[in-house]
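Visitor: By the numbering used here, the letter at position 120 of the sequence shown is numbered 1110, and the numbering carries on one by one without gaps.
Hints should not be assumed to be uniformly reliable.
[Stated by the list, open to error] Derived pair list, reagent style EDC-like, types lysine to aspartate or glutamate, alpha-carbon separation capped at 20 Å:
#1 LYS1241 with ASP1192
#2 LYS1241 with ASP1109
#3 LYS1228 with ASP1057
#4 LYS1108 with ASP1165
#5 LYS1108 with ASP1181
#6 LYS1169 with ASP1109
#7 LYS1225 with GLU1052
#8 LYS1140 with GLU1085
#9 LYS1241 with GLU1340
#10 LYS1076 with ASP1165
Just so you know, these hints were derived from the structure itself, not from any lab.
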Amino acid sequence: SAETQLLLRLLVLSELVFQRQLYEYIYVNKPETWEDARQYCIQHYTDLATVTNMTDMKRLREAAKNDVPNTGAWIGLHRPQPTNRKWHWSLPGLEFNETNWASGESGTNNEYCGAIRKDLTWVDHGCGANKPFICYNGTNTRFYFIKEVKTWFEAQRFCRDKHTDLVSGLQQLRDEKLKTIINLENQYFNDYTYVFIGLFNDAWEWSNGSSFSFRQWDENNDNDDHKYYCGAIRKDLKWVDHGCGRFYFIKEDRTWEEALYYCRHHHHDLVTITNMDEQRWVQEKTKNASSPFVWTGLRYTCSLGFWFWVSDEVVHYKNWASPGQVNECDMSGAMQTGGEHQWFKKHDEEKFNFFCSK
991 SAETQLLLRL LVLSELVFQR QLYEYIYVNK PETWEDARQY CIQHYTDLAT
1041 VTNMTDMKRL REAAKNDVPN TGAWIGLHRP QPTNRKWHWS LPGLEFNETN
1091 WASGESGTNN EYCGAIRKDL TWVDHGCGAN KPFICYNGTN TRFYFIKEVK
1141 TWFEAQRFCR DKHTDLVSGL QQLRDEKLKT IINLENQYFN DYTYVFIGLF
1191 NDAWEWSNGS SFSFRQWDEN NDNDDHKYYC GAIRKDLKWV DHGCGRFYFI
1241 KEDRTWEEAL YYCRHHHHDL VTITNMDEQR WVQEKTKNAS SPFVWTGLRY
1291 TCSLGFWFWV SDEVVHYKNW ASPGQVNECD MSGAMQTGGE HQWFKKHDEE
1341 KFNFFCSK
């Protein structure tokens, strides 16, 4: 029978809870899928790690001791219901309850970040727009109107680097000092209409059921552009969304068509590689291959003259070994087991190990 192995070589961060709010992070060097990692943490500790603020981020760094691989380590963030979105405050520890939406606002309409008008009422806004914004500094309890326009996520990073966070919560937004600053900056409301505040909307949840709103996404995960459903933390402590890890390596030589039928019968499909992270996952596991190449779900259509993924994904990310490779009928894409793990165009009848997705 085929030797089926988990592809995912991610590590696990788990959270050990003691009395009240005291907890510590345990770094577990064990390759698992997100769900299996969570079950491991529940069995041996409490749950996958919940991260509530920048202090927790520093403690994660100490627990991991720079051992997190480039592919990342699981944390307890996931999206079990991508359409079940909620509004949150950027500043950790603030519950979102009372609202001050302007008339006709908060219907979201794919606008998942918050801004204010001159009258301090809120509007939902596209996160990728460039707007002025307001930072809050908790050390001196002051507000800072930043005239340099940025996207919402860029503004959040700026405020966290230079101050504490984007202005958040009703108490801050009703502060007389803030009203004074806004009155002084009337011109910017005339020019831009809206100014970003620390309000955002997403569908991410923590595995232990807590509602903490702290997020620390990598720059490439800005604008709510999340394709996947499980959260991981990288070596640089930025967060990324990953496929939840249901990839299987089949250490058995088959033709491309045989591999396709095997995956569709036993799992879901031949593997699709849509970005650098998925490429790293697959190439890490190819070290165990017994063939010089491994089949992927990449296929060439002779009649239409282009490459496509059998999962119906468009081929945006590419890792071809050479642009000079010839396209011929009955060819499919395989990843090189050694070297740079680049993609090669191979005839379907050749027999290689392969990857399935589930």
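Visitor: Please go over all the hints and tell whether each is borne out by the structure.
Guide: Now the hints, each set against the structure:
no.	hint	verdict
1	LYS1241 with ASP1192	violated (39 Å)
2	LYS1241 with ASP1109	violated (64 Å)
3	LYS1228 with ASP1057	holds (14 Å)
4	LYS1108 with ASP1165	holds (14 Å)
5	LYS1108 with ASP1181	holds (11 Å)
6	LYS1169 with ASP1109	holds (9 Å)
7	LYS1225 with GLU1052	holds (12 Å)
8	LYS1140 with GLU1085	violated (25 Å)
9	LYS1241 with GLU1340	holds (15 Å)
10	LYS1076 with ASP1165	violated (25 Å)
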